[in-house]
Amino acid sequence: MVDYLYDGSFEGFLTCIYYHYYEEKAAGIFTFDNYQPSILNTFVEIKTQGDKAAKVYDAIGQKISPYDLQRIYRVFLSTVINREMLLLNYIRLGFKQGSKIRLLHGNPYVSPVEKAEKKVTAEVHRILGLLRFSVLEGEVLYAVLEPDHDILEFLADHFTDRYKNEPFIIHDKRRGKALVAQGGEWYITDFTEKNLPHISQNEKEYRALWKKYFETIAIKERTNPKCQKNFMPVRYWKHLTEI
Amino acid sequence: MDSSLMDKLKILADSAKYDVSCSTSGVERKNVGRMGNASCAGICHSWSADGRCISLLKVLFTNKCVYDCQYCVNRRSVDVERASFEPAELAELTMEFYRRNYIEGLFLSSAVEVSPDYTAERILHCLSILRYEYGFAGYIHAKIIPGVSQELTHAIGMVADRLSVNIELPTEESLQRLAPQKKARAIFAPMKQITNTLIEQKSLKGPGTMFKGQNLNNPLNYLNPEGRELIQPEGANADIGDGSLYQMGSPAGNALIREARYKYKEKFAPAGQTTQMIIGAGTETDSQIVKTSESLYRSFKMKRVYFSAYIPVTDSPLLPSVFTAPPLIREHRLYQADWLLRFYGFTADEMFTKEEPNLDLDLDPKITWALRNINLFPIEINKASMEELLRIPGVGTVSALRIVRQRKVAAVKYDDLKKMGVVLKRAKFFLTCSGKYYGEKDLMPEYIKGKILEPCRIKSRLLPINDETQISMFSPGAFSLGAPQQSKSKRSLESNGGLLI
Ligand code: SF4
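So the protein sequences, as listed, match chains A and B.
Sequential numbering of the first sequence, starting at 1, is according to my numbering.
Sequential numbering of the second sequence, starting at 1, is according to my numbering.
I should point out that these hints are in silico values taken from the structure, not numbers from a laboratory.
Be careful, since some hints might not be right.
[Unchecked claim] Here are a few chain A residues that sit away from chain B, every Cβ distance over 10 Å (derived from the structure):
hint	residue
1	Y67
2	L77
3	Y163
4	P167
[Said to hold, decoys possible] Going by beta-carbon spacing under 10 Å, a handful of chain B positions derived as facing chain A:
hint	residue
5	A13
6	V59
7	V78
8	P326
[What the hints assert, rightly or not] Listed below are the simulated DMTMM-like cross-link pairs for lysine to aspartate or glutamate, each with C-alpha atoms no more than 25 Å apart in a straight line:
hint	chain 1	residue 1	chain 2	residue 2
9	B	K10	A	E185
10	B	K30	A	E185
11	A	K96	A	D3
12	B	K267	A	D3
13	A	K212	B	D19
14	A	K212	B	D7
15	A	K220	B	D50
16	A	K220	B	D315
Note that beta-carbon positions come from the ideal geometry of N, C-alpha and C, so glycine has one too.
Using the sequences provided together with the hints, build the complete structure.
Here it is in structure tokens:
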């Protein structure tokens with residue numbers, strides 16, 4: 001048993017899975033920067049190898065299911081602790097059970113993955129609503145977020161469809177990257193807010209109008225801050241215009 | 001920007017805030033205009049201080065009203081600030097909010113300025129600017145004011161995703177007393193027109209799973225061709241009037257409003273129709289309210305009937321005093337009952353007995369029903385049909401489906417149930433797992449009720465998120481219900497192939 005260390009990429013992770021099957025069983029899978037060497041396990045640094053990753057990728061799609069491949073990817077992009085090992089266990093079980101693995105809700109290897117996936121999809125869904133765009137000079141739409149999970153690319157389809165003709169930037173400040181899109185095309189790139197244009201003329205006025213609307217629409221006889229925070233966790237408030 | 005826009009927004013959002021039917025579900029649309037899409041799952045953009053979700057810009061077009069409904073803050077006889085939007089102004093505001101991702105679209109209601117038609121024309125103008133000039137493909141929910149002409153109703157339906165005509169009060173008697181200018185017939189006429197138009201374009205979908213597997217878009221479902229009548233449940237206001245009821249025009253009818261003109265949306269109200277009732281302003285019982293909703297579902301195939309706890313706004317001898325707390329728990333229970341109608345195969349009749357025409361405020365209606373029918377339990381998880389599973393308190397539609405699916409590959413164990421989303425705290429009293437009972441003691445209604453009530457407040461999982469948020473800190477019993485009204489005529493629900501027409 002050995003700890004595998006990789007570069008944090010999905011391909012790197014899949015390469016570790018390859019080694020788990022073809023070399024030595026993994027005791028743990030960690031990224032280089034997170035690893036605390038212990039006396040119990042030895043470790044091996046794994047270089048990401050496209051061909052080995054692709055082999056595992058295809059095997060998951062064929063022997064488990066394309067749905068599970070997506071699920072694995074979503075969970076990989078989560079910040080759930082020890083996600084690599086949860087996924088390794090899931091994949092191992094998946095190679096035995098095939099596509100029916102997703103029906104085994106009660107299985108101890110399945111349910112944590114299911115839960116982690118839910119966290120990611122729930123955050124994506126939440127952010128679709130909670131993202132606030134500002135109109136910058138030059139009519140560029142710009143939004144900032146600091147999501148728990150690495151969800152930028154899951155926002156792409158929704159917003160490229162919505163803003164078909166308007167350029168926009170969604171900036172993940174926490175991870176220093178951004179989704180940049182125009183005319184239905186998008187890519188993800190490293191990003192800082194340096195050199196960003198100023199907000200447009202009308203922007204302040206619309207923010208004020210939205211704030212006013214937000215205050216007005218609450219029914220004071222029904223005030224229920226607990227409920228509000230429950231649905232809209234305070235950690236997201238920082239980037240909301242209305243609060 | 002017009003400096004008065006801020007004031008208008010404040011006045012017209014303030015007077016729209018009591019309207020509860022604010023959800024965006026029911027239409028999925030990729031961007032087919034220049035801007036915007038609509039998501040079936042419903043996206044909430046914010047939650048206001050009262051814990052309700054904000055997904056649409058919800059405003060009145062105007063609060064200048066010629067009517068005098070007793071329960072309303074905007075009725076003619078009160079002195080409040082008045083304002084009206086200009087069509088172009090509201091269209092621009094909606095667009096700019098939408099671009100910034102503040103909202104999914106517009107929820108536009110209105111008081112009656114000058115006349116229903118005058119107001120509807122201005123609303124139509126505003127929505128047309130949004131759809132044509134801006135190419136807006138987001139969500140629009142528009143209110144139809146009773147008394148509006150058929151042509152305008154149709155034209156608004158061609159630019160809106162969802163239409164609603166508010167029934168406001170569940171019985172005709174309350175309507176006469178509290179909203180004398182509103183006539184039941186004027187409310188039902190546009191409802192009927194909407195249903196018929198949806199059938200005509202073959203896009204009528206009933207609520208939830210209520211009409212599962214049935215073809216609703218059958219001409220037999222047209223309302224009032226050849227004098228088919230609604231059967232009126234007792235005390236419920238399901239009369240659709242007589243004589244001059246809406247008749248479907250010939251397909252060659254009015255070319256102007258039938259032509260599918262718009263690129264972004266060629267359908268009439270693709271997200272269907274809804275309505276809303278005020279709870280606790282009149283004296284009707286829960287049984288009357290739920291029966292009226294059921295009847296609205298069965299006849300008009302409404303997507304939703306919304307309930308809004310009456311918040312006292314005026315001192316009127318006809319209404320609960322201004323010190324009455326809004327009946328929020330009651331509203332919550334009604335939503336649960338409504339959920340049972342739409343997704344769990346219950347009928348209104350099953351939920352009430354003659355002795356108890358109101359829902360139990362302490363317990364959710366499914367438990368109340370289960371305790372009354374304790375002889376049907378416990379239900380064996382590994383054998384029960386989907387319908388039976390759905391009758392177990394604590395088992396929802398999602399968990400029932402998971403149980404059925406897992407059973408195909410492996411027997412469901414007791415420990416699995418929790419992971420599947422079953423609320424065991426309640427469910428354990430009503431089920432067995434491979435023959436074993438886990439409910440501590442025997443199946444004794446009183447014992448179970450005590451056990452379930454123990455944790456003091458039950459957080460029901462039956463409700464959809466938006467509705468659940470409406471429950472608040474008012475404790476049960478903090479307000480009183482009006483005296484149950486004695487129903488005059490008693491007619492039973494009759495069904496004709498499952499439909500009440
Ligand atoms: S018609 Fe509408 S706005 Fe006018 S008084 Fe009645 S409820 Fe209020």
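Against the structure, the hints:
1. Y67: holds (14 Å)
2. L77: Given a closest Cβ separation of 20 Å, the condition holds.
3. Y163: violated (7 Å)
4. P167: Its Cβ never comes within 10 Å of chain B, the nearest being 12 Å, so this holds.
5. A13: holds (4 Å)
6. V59: Given a least distance of 8 Å, the restraint on V59/B holds.
7. V78: Because about 18 Å separates V78/B from the closest Cβ in chain A, which is outside the 10 Å limit, the hint is violated.
8. P326: Holds: closest Cβ of chain A sits about 6 Å from P326/B, inside 10 Å.
9. K10/B to E185/A: violated (39 Å)
10. K30/B to E185/A: Holds, at about 16 Å.
11. K96/A to D3/A: Measuring from Cα to Cα gives roughly 23 Å; hence the hint holds.
12. K267/B to D3/A: The given pair, whose Cα atoms are some 59 Å apart, is violated under the 25 Å limit.
13. K212/A to D19/B: Between K212/A and D19/B the Cα gap is close to 18 Å, so the pair holds against 25 Å.
14. K212/A to D7/B: With a Cα-Cα distance of about 9 Å, the restraint between K212/A and D7/B holds, given a limit of 25 Å.
15. K220/A to D50/B: holds (7 Å)
16. K220/A to D315/B: holds (19 Å)
When held up to the earlier numbered hints, the structure conflicts with 3, 7, 9 and 12 and fits the remainder.
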